[in-house]
Amino acid sequence: EAGVAQSPRYKIIEKRQSVAFWCNPISGHATLYWYQQILGQGPKLLIQFQNNGVVDDSQLPKDRFSAERLKGVDSTLKIQPAKLEDSAVYLCASSYLAGGPNEQYFGPGTRLTVT
Amino acid sequence: GESVGLHLPTLSVQEGDNSIINCAYSNSASDYFIWYKQESGKGPQFIIDIRSNMDKRQGQRVTVLLNKTVKHLSLQIAATQPGDSAVYFCAENPHDDKIIFGKGTRLHILP
Numbered sequence: 001e002a003g004v005a006q007s008p009r010y011k012i013i014e015k016r017q018s019v020a021f022w023c024n025p026i027s028g029h030a031t032l033y034w035y036q037q038i039l040g041q042g043p044k045l046l047i048q049f050q051n052n053g054v055v056d057d058s059q060l061p062k063d064r065f066s067a068e069r070l071k072g073v074d075s076t077l078k079i080q081p082a083k084l085e086d087s088a089v090y091l092c093a094s095s096y097l098a099g100g101p102n103e104q105y106f107g108p109g110t111r112l113t114v115t
Numbered sequence: 001g002e003s004v005g006l007h008l009p010t011l012s013v014q015e016g017d018n019s020i021i022n023c024a025y026s027n028s029a030s031d032y033f034i035w036y037k038q039e040s041g042k043g044p045q046f047i048i049d050i051r052s053n054m055d056k057r058q059g060q061r062v063t064v065l066l067n068k069t070v071k072h073l074s075l076q077i078a079a080t081q082p083g084d085s086a087v088y089f090c091a092e093n094p095h096d097d098k099i100i101f102g103k104g105t106r107l108h109i110l111p
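Those sequence lines, one after another, are chains F and B. Using the working numbering, the letters of the first sequence correspond one by one to residues 1 to 115. Using the working numbering, the letters of the second sequence correspond one by one to residues 1 to 111.
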């Protein structure tokens, strides 16, 4: 079974520039999550999709971050404009079910450095 | 507020010894807990989970203990191997399918 795919793996941009990350979840997984992991900390949920609908985006800084999952499969996360404090690893995860605790499968992440 | 924390940021263990990683949680409503392993350059990987109606669960070389009275969770790794070197996160599920991660403990294996 193929895992969660993410690209790019690394990205370096200057502050105020824009950046986009892509995620392809495990086939058949209805729920997709984007997490932000700052160095030395645990992942923090940014947004959760079930199919192509947003379930929870309460922790997403909506003035600069946006995410979509148009066809209920792949997803993109965008930051525009980036700030220095956005430097982090952005993790995508997916799970088969929703509405209750179940195993989330994580991708390798995209390491973003904002200079 | 909701939080999951760890007592030690770094733990060094001799190869072959047992490792014990501790975690404190604060949300008494949490009824499901997970331990994740994160190796360098990779995403977190599920190790073992436990529900609040249990106080112990065993897997292959790993055991999770849950003490709801003091809101404490621990992960025991038997016969620690070099491949166990990683950052370990405990996480709690306060409701629905939300997972809240703690800050992590780095496990360092000494030869």
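Read the hints as simulated data drawn from the structure, not as lab findings. In this text, all values refer to a predicted model and were calculated from it rather than measured experimentally. Don't take every hint at face value.
Said to hold, decoys possible - Chain F residues, not near chain B, derived (Cβ > 10 Å throughout): (1) 26; (2) 44; (3) 74; (4) 78; (5) 106.
Claimed, not checked - Within a straight-line C-alpha distance of at most 20 Å, the following computed EDC-like cross-link-like pairs (lysine to aspartate or glutamate) qualify: (6) 56/B to 103/F; (7) 44/F to 15/B; (8) 103/B to 86/F; (9) 71/B to 49/B; (10) 42/B to 57/F; (11) 98/B to 57/F.
As the list claims (entries may be wrong) - To spell it out: a stretch of chain F is covered by chain B in this simulated footprint if at least three of its residues, at any positions, have a beta carbon under 8 Å from a beta carbon of chain B; those stretches are: (12) 12-19; (13) 56-69.
C-beta atoms are modelled at their ideal positions from N, C-alpha and C, and glycine is treated no differently.
How the hints compare with the structure:
1. 26: Holds: least Cβ distance 12 Å, greater than 10 Å.
2. 44: With a cut-off of 10 Å, residue 44/F comes too close to chain B, as the shortest Cβ separation is near 7 Å.
3. 74: holds, 17 Å
4. 78: Answer for residue 78/F: holds, closest chain B Cβ roughly 20 Å.
5. 106: Per Cβ check, residue 106/F is inside 10 Å of chain B; nearest 3 Å; violated.
6. 56/B to 103/F: holds, 19 Å
7. 44/F to 15/B: Measuring from Cα to Cα gives roughly 32 Å; hence the hint is violated.
8. 103/B to 86/F: holds, 18 Å
9. 71/B to 49/B: Roughly 15 Å between the alpha carbons, so the hint for residue 71/B and residue 49/B holds.
10. 42/B to 57/F: violated, 24 Å
11. 98/B to 57/F: holds, 12 Å
12. 12-19: Per the Cβ count (0), the hint is violated.
13. 56-69: Our answer is that it is violated, as 1 residues pass the Cβ test (under 8 Å) against chain B, missing three.
When the structure is compared with the earlier hints, violations turn up for hints 2, 5, 7, 10, 12 and 13 and for no others.
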